[in-house]
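Heads up: the protein sequence lines correspond to chains A and B, in order. 1 is the number of the first residue of the first sequence in this note's numbering; add one for each residue after it. 264 is the number of the first residue of the second sequence in this note's numbering; add one for each residue after it.
No wet-lab data here; the hints were simulated from the structure. All C-beta atoms in this analysis are idealised placements derived from N, C-alpha and C, irrespective of residue type, glycine included. Mixed in with the good hints, there may be bad ones.
To be verified - Label-pair restraints from in silico Cβ distances:
id: 1; chain 1: B; residue 1: ARG418; chain 2: A; residue 2: ALA29; range: 26 to 34 Å
id: 2; chain 1: A; residue 1: ASP240; chain 2: B; residue 2: LEU462; range: 43 to 51 Å
id: 3; chain 1: A; residue 1: GLY32; chain 2: B; residue 2: ARG418; range: 45 to 53 Å
id: 4; chain 1: A; residue 1: LEU33; chain 2: B; residue 2: ASP342; range: 33 to 41 Å
id: 5; chain 1: A; residue 1: PRO88; chain 2: B; residue 2: PHE324; range: 26 to 34 Å
id: 6; chain 1: B; residue 1: ARG368; chain 2: A; residue 2: PRO209; range: 37 to 45 Å
id: 7; chain 1: A; residue 1: PRO195; chain 2: B; residue 2: ARG418; range: 54 to 62 Å
id: 8; chain 1: B; residue 1: PHE354; chain 2: A; residue 2: ALA29; range: 25 to 33 Å
id: 9; chain 1: B; residue 1: PHE501; chain 2: A; residue 2: GLY205; range: 52 to 60 Å
id: 10; chain 1: A; residue 1: SER161; chain 2: B; residue 2: ARG344; range: 52 to 60 Å
id: 11; chain 1: B; residue 1: ASN414; chain 2: A; residue 2: PRO124; range: 57 to 65 Å
id: 12; chain 1: B; residue 1: GLU367; chain 2: A; residue 2: TYR36; range: 46 to 54 Å
id: 13; chain 1: A; residue 1: LEU33; chain 2: B; residue 2: GLU367; range: 38 to 46 Å
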Amino acid sequence: MSSFVINRRGLLTAAGVAVSTLPLSGCDAFDGLLGYGQPLRDFLASANGLTYRAQRLLIPADRLAPEFSESEIRQGQRPNGSTDPTDPTYLALKDQAFAGYRLSVSGLVQRPLQLSLQELQNMPARTQITRHDCVEGWSCIAKWTGVPLSRVLDEAAVKASARYVVFHCFDSMPLGLSGSVAYYESIDLIDARHPQTILAYGLNGAPLPVANGAPLRARIERQLGYKMAKYIRAIEVVSDLAPFGRGGGGYWEDLGYDWYAGI
Amino acid sequence: MSIASKETGSELPRKVTIRRHGVATRLSHWGWAVALFFLLFSGLQIFNAHPALYIGQQSGFAFDNAVLSIQAIRSEDGDVRGSTYLLGHRFDTTGVLGVSGSRERRAYSAFPAWATIPSYHDLATGRVVHFFFAWVFVGVYLSWLLASVINGHLRRDILPGAADLNALPKTVLEHLRFRFDHDGRYNSLQKLSYAAVLLVFFPLMILTGLTMSPGMDAAWPWLVDIFGGRQTARTIHFIVMALIVGFFAVHIVMVFAAGPLNEMRSMITGRYRVDGSHSDGGSGHE
Chain A
1 MSSFVINRRG
11 LLTAAGVAVS
21 TLPLSGCDAF
31 DGLLGYGQPL
41 RDFLASANGL
51 TYRAQRLLIP
61 ADRLAPEFSE
71 SEIRQGQRPN
81 GSTDPTDPTY
91 LALKDQAFAG
101 YRLSVSGLVQ
111 RPLQLSLQEL
121 QNMPARTQIT
131 RHDCVEGWSC
141 IAKWTGVPLS
151 RVLDEAAVKA
161 SARYVVFHCF
171 DSMPLGLSGS
181 VAYYESIDLI
191 DARHPQTILA
201 YGLNGAPLPV
211 ANGAPLRARI
221 ERQLGYKMAK
231 YIRAIEVVSD
241 LAPFGRGGGG
251 YWEDLGYDWY
261 AGI
Chain B
264 MSIASKETGS
274 ELPRKVTIRR
284 HGVATRLSHW
294 GWAVALFFLL
304 FSGLQIFNAH
314 PALYIGQQSG
324 FAFDNAVLSI
334 QAIRSEDGDV
344 RGSTYLLGHR
354 FDTTGVLGVS
364 GSRERRAYSA
374 FPAWATIPSY
384 HDLATGRVVH
394 FFFAWVFVGV
404 YLSWLLASVI
414 NGHLRRDILP
424 GAADLNALPK
434 TVLEHLRFRF
444 DHDGRYNSLQ
454 KLSYAAVLLV
464 FFPLMILTGL
474 TMSPGMDAAW
484 PWLVDIFGGR
494 QTARTIHFIV
504 MALIVGFFAV
514 HIVMVFAAGP
524 LNEMRSMITG
534 RYRVDGSHSD
544 GGSGHE
């Protein structure tokens with residue numbers, strides 16, 4: 001059996017050539033093609049629709065996200081995004097311990113609602129210990145208590161033409177160089193009616209702190225944290241997301257994040 | 264072994280061209296090359312959004328379960344330095360990890376701009392790129408696996424047999440002496456490394472990636488169980504990334520060592536030149 005021999009200098013030269021091309025590889029060659037609104041970026045982003053349909057096909061509608069035991073709550077829930085809204089309407093409500101708070105439920109419903117915090121707390125509650133996954137990559141386990149969103153939707157009687165639930169929030173987020181815009185988010189009716197999707201007013205056995213979204217925030221346990229709107233002011237049932245913000249279906253979506261965040 | 268081309272004349276050793284790589288192997292090779300390129304650099308972009316790795320279900324903020332973290336830290340003399348913590352040890356990695364770029368254009372990110380897509384901090388676009396090529400990668404992988412089971416490539420060329428394991432010490436010694444066997448078939452080290460990459464690293468990469476999806480954790484709760492938590496899965500995803508990068512580096516060196524033109528041609532056209540003395544032996548090999 002014949003073989004061939006190469007000298008060590010040849011090998012080292014080859015290795016050196018290979019390694020020296022590495023810094024050229026990532027760099028900024030693709031920056032111009034991946035800016036917002038660029039056709040290539042839009043094309044790549046269309047994979048999110050594939051992910052959405054694949055996961056809807058693969059995951060039974062009522063399949064629960066994993067739940068954990070009390071012993072796995074090892075720290076407070078890490079606050080992220082807005083943690084202390086300064087919008088005047090919110091501050092006025094916060095001063096009164098949210099006594100004047102009314103959750104508005106409107107849009108494609110038979111019976112629009114105005115629900116106080118007390119009324120929400122009087123509805124059947126669900127408590128769940130779940131893992132919060134941030135889009136940044138970290139996870140945190142906490143116990144959430146709230147009213148299932150499906151109960152509120154049933155109370156309001158959703159019309160047949162409805163497709164999405166939009167959360168309108170009190171907190172403003174930066175947009176553009178100096179502007180700001182109210183946070184909003186949206187989910188489809190499958191997630192809206194999921195048993196673990198709750199409007200939470202309690203965290204780890206205590207009232208929901210301001211840093212985590214008081215008086216009311218969403219828990220959507222099969223998606224990432226940015227879907228779970230905090231400081232919810234109103235819920236709107238709609239058939240189309242185009243009229244809101246830039247039409248992406250949420251504050252972060254309007255800045256380029258995927259609408260479906262089950263991944 | 265099918266001899267597809269004429270011999271090159273009367274000089275010794277005579278060279279013959281064989282058909283080495285099947286079309287499924289060649290297509291998937293380049294599909295993976297492109298997909299892994301984008302997956303790596305977009306993955307490092309995603310990592311930069313929270314440059315720390317943990318063991319367990321969650322990330323310890325009030326307790327410590329980190330195994331790696333990369334930070335920019337202001338030292339006592341006011342200078343900002345890149346600092347990498349790995350398994351209880353801290354390293355100054357200024358210039359590469361944590362703090363990089365020229366003095367005028369300092370970048371305070373875990374991985375430097377040249378290692379991320381896009382080069383600037385943009386988690387949303389990093390995710391868009393990553394998940395698009397994750398679909399490409401999985402599609403190519405499943406097609407390759409199916410084709411390789413059906414056409415026998417997997418059993419014949421990839422899975423190491425008893426003969427390969429017996430030949431291993433000899434092959435290792437030959438490699439250490441920079442003498443490479445050159446008959447068109449995979450030697451035992453090649454089979455072992457390709458089997459590790461194709462049948463261990465790639466499936467691990469896909470499964471740990473899926474474990475990070477809160478949707479998939481609801482669909483397949485066993486994912487979280489087999490990896491011991493979402494954050495452990497994220498850590499394994501990162502480690503396997505490093506192993507694949509390591510494989511790539513050795514792979515490129517070996518391609519250069521074994522004759523880059525012949526190797527490149529065989530992976531593009533399928534045709535590979537070997538010494539004529541091999542043409543009379545061996546089983547059928549694409």
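Hints, verified against the model:
1. ARG418(B) to ALA29(A): 26 to 34 Å: Given range 26 to 34 Å: violated, Cβ gap about 40 Å.
2. ASP240(A) to LEU462(B): 43 to 51 Å: holds, 47 Å
3. GLY32(A) to ARG418(B): 45 to 53 Å: holds, 46 Å
4. LEU33(A) to ASP342(B): 33 to 41 Å: Between LEU33(A) and ASP342(B), where Cβ atoms are some 36 Å apart, the hint holds.
5. PRO88(A) to PHE324(B): 26 to 34 Å: holds, 32 Å
6. ARG368(B) to PRO209(A): 37 to 45 Å: holds, 40 Å
7. PRO195(A) to ARG418(B): 54 to 62 Å: violated, 47 Å
8. PHE354(B) to ALA29(A): 25 to 33 Å: holds, 30 Å
9. PHE501(B) to GLY205(A): 52 to 60 Å: Because 35 Å falls outside the window, the suggested range is violated.
10. SER161(A) to ARG344(B): 52 to 60 Å: holds, 59 Å
11. ASN414(B) to PRO124(A): 57 to 65 Å: Holds: the Cβ-Cβ distance is about 58 Å, inside 57 to 65 Å.
12. GLU367(B) to TYR36(A): 46 to 54 Å: Hint violated: Cβ distance 27 Å, outside 46 to 54 Å.
13. LEU33(A) to GLU367(B): 38 to 46 Å: At 26 Å between Cβs, range violated.
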